[in-house]
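2 protein chains.
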Amino acid sequence: MEEPTSTSEGFPPQMPSTTADSLAVNSQRYPIVNYPVSVVLPAAGSGERTGLRTPKQFCSILGRPLISYTIHAFERILWIDTIVVVVPKESHCLMEDIILKYNHTKVKIVDGGSTRHRSIFNGLRAFSEQGTGFNLQKPEVVIIHDAVRPFLEEDFLHKITVCAKDHGVCGAIRPLVSTVVAATTEGKLDHTLERARYRASEMPQGFIYDIIYEAYQKCSEAEFEFGTECLDLALRHCGVSAKLMEGPPTLWKVTYSQDVVSAEAIIKESLSQYAYIIAGQCMETQHLSNLMKNGLTEAGMVVDVVPSTEKIRNLSTSRNFIKLSMCWPNLAEIKEMTSGSEDTKDFALYPVIICWVYLNVSDCVSTQSENDEAPNVMTLAEDVQNRNILLYCVQVCYNKPCTLWERRVKKVCEITAGLIRQRSSSLIGQILQA
Amino acid sequence: MEEPTSTSEGFPPQMPSTTADSLAVNSQRYPIVNYPVSVVLPAAGSGERTGLRTPKQFCSILGRPLISYTIHAFERILWIDTIVVVVPKESHCLMEDIILKYNHTKVKIVDGGSTRHRSIFNGLRAFSEQGTGFNLQKPEVVIIHDAVRPFLEEDFLHKITVCAKDHGVCGAIRPLVSTVVAATTEGKLDHTLERARYRASEMPQGFIYDIIYEAYQKCSEAEFEFGTECLDLALRHCGVSAKLMEGPPTLWKVTYSQDVVSAEAIIKESLSQYAYIIAGQCMETQHLSNLMKNGLTEAGMVVDVVPSTEKIRNLSTSRNFIKLSMCWPNLAEIKEMTSGSEDTKDFALYPVIICWVYLNVSDCVSTQSENDEAPNVMTLAEDVQNRNILLYCVQVCYNKPCTLWERRVKKVCEITAGLIRQRSSSLIGQILQA
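The listed protein sequences derive, respectively, from chains R and C. Quick note: the first sequence uses numbering that gives the first Met the number 0, first residue 0, plus one each step. Quick note: the second sequence uses numbering that gives the first Met the number 0, first residue 0, plus one each step.
Hints were generated in silico from the structure; no laboratory data involved. Values in this document were obtained by computation on a predicted structure and should not be read as measured data. Ideal Cβ placement from N, Cα and C applies to all residues, glycine included. One or more hints might be untrue.
What the hints assert, rightly or not - Far from chain C by the CB rule (all over 12 Å, computed), these chain R residues: (1) Leu93; (2) Thr104; (3) Thr114; (4) Arg124; (5) Pro174; (6) Thr191; (7) Phe223; (8) Gln280; (9) Gln285; (10) Asn329; (11) Thr337.
Claimed, not checked - Taking lysine-lysine and the DSS-like style, the derived pairs with C-alpha atoms no more than 27 Å apart in a straight line are: (12) R:Lys252 with C:Lys267; (13) R:Lys187 with C:Lys410; (14) R:Lys164 with C:Lys217; (15) C:Lys187 with R:Lys267; (16) R:Lys137 with R:Lys217; (17) R:Lys409 with C:Lys100; (18) R:Lys217 with C:Lys187; (19) R:Lys88 with R:Lys107; (20) C:Lys410 with R:Lys410; (21) R:Lys267 with C:Lys334; (22) C:Lys334 with R:Lys410; (23) C:Lys252 with R:Lys267; (24) C:Lys410 with R:Lys100.
What the hints assert, rightly or not - Facing chain R, from chain C, some residues (calculated, C-beta under 8 Å): (25) Thr178; (26) Ala199; (27) Asp231; (28) Leu234; (29) His236; (30) Gln257; (31) Gln421; (32) Leu426.
Starting from the given sequences, assemble the full structure and let the hints guide the process.
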């Protein structure tokens, strides 16, 4: 039997401590998942509350639809079998395109119903004998989640799954951030709830499949129309009281338009925690690599210095590379740098950043020949952007008095940290001066 | 009697529709505020939940502490008198520095108590005869708000104030985002609340000063220790049932570390809605200005083209300037561009962005003389950064075939929009190529 592990790096991919923790937790404290587990992901909402034209599950975050992040959060987990995504009929083609573009391999699309509960029921039916012709294996445990909660860690999902297997039903909760009040019909304060006694019910929720499927089969029309809580249905129709499990604050749901902006910022932040400096074989670049490691560490990043790209093959714990070189960027080296992860589908999921730091040991004032490089660098950057690599170039002059050199090192750290944090496609191919 | 208006641009300063709406709403639907209104802003929390070393009210957002944004949201409103900020004793000096640095003129600092309610009571006392020696005018209405809710619109604050004057007490509410559940002592689902009957109680809350002050004077030790809700105290001790008023989603509270990242992203987004293109007098720059207006409008920005800086003096609806020029950036013109707002304190509050687009009509390959400009531009950028101006330079070549020219216009739009949205201090003084 295998330990439950991730197929790739987990989300966020650049938070090594989280990934390490989750594996440690799984192997030490939790039983192994050796029964079929699948997911139903209702994504049929119209997104009225965001005030955006695009339903929020399809909003673009770093160029990729939000729902693809949520799908990936499940898909990377070995012990998850199938992810049934329930979308409105009119979004069926869009969803198929997303699956194709981002290489999602575990997804089945089911048409949504007129309410959230009808959509979930449609999703659950895909695993039953009355199913939709997918011929899917009936899961022992089914996870129900929201398409608009992309930040999901494996260790928490594991806890929910195991707890659902043991107790029949398990739901994520969070402490209430605000006090909850009841209003009179005149819109006045009736009473205040005692905050400590209540919790916000969040997603994911886990169920023994037979329990939640039975509960939905017994649902009244009124429940299909106005019900909000799957936990409540399991209690009413099957008498199973959900075990409640406190989750992390990242379970947060994208609800309003400002949340789309926030989600992108959080993803960018998590992607920029970690970087590799590829120091090369020259004394000068190796010297600079040590100084940059210190500078970037001070700026809050976790940095590894490696002599060559050989060392980072297949590690893929970072999508941020700082290449120190006495030459201008060239395609062969970029291909070599990224070949470790190139054949995996992860490449489509998050852009790779390459900050090519060109160490100029000649006269510091730019010469004509170097300026001739500018169009070449831009062409190269536009070329590799098609492979989801964002290439920037930073020129640093080496032969200068010590005081200036210190300032330049500080500057090159600021610039590279800024480029990594912003992940801006509008600045690719630029030659910046440190 | 004067209409209630903002002293400056409102927050977010670049959302013209919001500002316009709020003024329209105030003058059309709401009575004038002609009685003293002051604010108590408890900011004595330790920020345990953020998991950050700095208490969240002092976390830096675009280089400025979060609490300064919240203070500014009140300070810009003419009919607000005093803002009593309640901070822990050990943060007193820090708070004084913030007041000085950002020119906050309406703030008084009061020492916090051991709980939130004790801190609020300390704040309220500053207006009473038992006060702290400030000799402050007792307000008719006092607003209690959170230091960690920086997104506050004047029109909503006006509604809360007027409603508090009429009903004695008024509190902001929001619909519940999540279902609320009650747990058994074993951590299982006891029951689910009917979502439609309940609301999340948010801030700001408004009170007739005498009511809330009396309520706090009657507070028991247990209430000071464990109570969470001012509305509840007013109901219990003074028998006044708060009117509840639904507020916008922006009333959201910075609670966790991810929220600090989100708040910065939301502020950046709001600051980048609006830009001025200063077209100059040349045919070439005027031609480019029209093309850029179209490009940036397509990218979702609201853009005004003006021939010179004369036209934008004192408008200050935007902090983003795109200057088109056949010359390299120079200090005299930058001073002229920013002189309209220079004497107001707003200048310290939000950085001004200047994208200096240099139109190169000579041979497109950079010449030695232009490269000589690079150190000058960097020096200038570092100089004006001290005045909170972020200067970037974009070089565009003019004399080229039509097809290339179209691509260049597209590129210069992408670059300037990106610079404005990212507001990155690490890229100041760079000469980018479009």
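Results for each hint:
With a minimum CB-CB distance of about 21 Å to chain C, leucine 93 (chain R) clears the 12 Å threshold, and the non-interface call stands. Listed as a non-interface residue, threonine 104 (chain R) keeps its Cβ farther than 12 Å from every Cβ of chain C; the least gap is roughly 30 Å. Its beta-carbon lying about 14 Å from the closest one in chain C, threonine 114 (chain R) satisfies the requirement of being farther than 12 Å from that chain. Every beta carbon of chain C lies more than 12 Å from that of arginine 124 (chain R), the smallest distance being close to 24 Å; the non-interface claim holds.
Under the 12 Å C-beta cut-off, the non-interface status given to proline 174 (chain R) relative to chain C is violated; the minimum distance is some 9 Å. Its closest Cβ contact with chain C, about 5 Å, brings threonine 191 (chain R) to no more than 12 Å, contrary to its assignment away from the interface. No beta-carbon of chain C comes within 12 Å of the beta-carbon of phenylalanine 223 (chain R); the shortest separation is about 16 Å. No beta-carbon of chain C is positioned within 12 Å of the beta-carbon of glutamine 280 (chain R); the least distance is around 29 Å.
With a minimum CB-CB distance of about 24 Å to chain C, glutamine 285 (chain R) clears the 12 Å threshold, and the non-interface call stands. Here asparagine 329 (chain R) stays apart from chain C, with its beta-carbon at least about 19 Å from theirs, past the 12 Å limit. At roughly 23 Å, the least C-beta separation between threonine 337 (chain R) and chain C is larger than 12 Å, which holds for a residue marked as non-interface. For the suggested pair lysine 252 (chain R) and lysine 267 (chain C), the alpha carbons sit about 21 Å apart, so the restraint of at most 27 Å is met.
The hinted pair formed by lysine 187 (chain R) and lysine 410 (chain C) fails the criterion: a straight-line CA distance of about 55 Å is larger than 27 Å. Only pairs whose Cα atoms come within 27 Å are accepted, and lysine 164 (chain R) paired with lysine 217 (chain C) is rejected, the gap being roughly 51 Å. Restraint check for lysine 187 (chain C) and lysine 267 (chain R): the C-alpha separation of about 36 Å exceeds 27 Å, so the hint is violated. Straight-line distance between C-alpha atoms of lysine 137 (chain R) and lysine 217 (chain R) comes to about 19 Å, which keeps the hinted pair within the 27 Å bound.
Between lysine 409 (chain R) and lysine 100 (chain C) the CA atoms are separated by roughly 26 Å; this keeps the pair inside 27 Å, and the hint holds. Between the alpha carbons of lysine 217 (chain R) and lysine 187 (chain C) the distance comes to roughly 22 Å, so the proposed pair stays at or under 27 Å and holds. A threshold of 27 Å between alpha carbons decides the hint, and for lysine 88 (chain R) with lysine 107 (chain R) the separation of about 14 Å falls inside it, so the pair holds. Between lysine 410 (chain C) and lysine 410 (chain R) the CA atoms are separated by roughly 25 Å; this keeps the pair inside 27 Å, and the hint holds.
Between lysine 267 (chain R) and lysine 334 (chain C), the direct Cα distance comes to roughly 35 Å. Violation of the 27 Å bound is thereby established for this hinted pair. Distance restraint check for lysine 334 (chain C) and lysine 410 (chain R): the Cα-Cα separation of roughly 26 Å lies within the 27 Å cut-off, and the hinted pair is therefore satisfied. For the given pair, lysine 252 (chain C) sits about 21 Å from lysine 267 (chain R) by alpha-carbon distance, which is consistent with the 27 Å threshold. As the CA atoms of lysine 410 (chain C) and lysine 100 (chain R) are separated by approximately 26 Å, the hinted pair is consistent with the 27 Å bound.
Nearest Cβ of chain R to the Cβ of threonine 178 (chain C): about 4 Å, under the 8 Å cut. The hint holds. Satisfaction of the interface hint for alanine 199 (chain C) is found here, the shortest Cβ-Cβ separation to chain R being roughly 4 Å, below the 8 Å cut-off. Annotation: interface hint on aspartate 231 (chain C) holds; nearest CB of chain R at approximately 5 Å, less than 8 Å. Hint status for leucine 234 (chain C): holds, given a least beta-carbon distance of 6 Å to chain R, under 8 Å.
Annotation: histidine 236 (chain C) was flagged as interfacial toward chain R, and the flag is violated, the nearest CB pair being 14 Å apart, outside 8 Å. The closest approach between the C-beta of glutamine 257 (chain C) and any C-beta of chain R is roughly 5 Å, which is under the 8 Å cut-off, so the hint is satisfied. Checking glutamine 421 (chain C) against chain R: minimum C-beta separation of about 5 Å stays under 8 Å; hint holds. Because the beta carbon of leucine 426 (chain C) sits about 6 Å from the nearest beta carbon in chain R, less than 8 Å, this interface hint is met.
Taken one by one, the earlier hints fail for this structure at numbers 5, 6, 13, 14, 15, 21 and 29, listed in ascending order.
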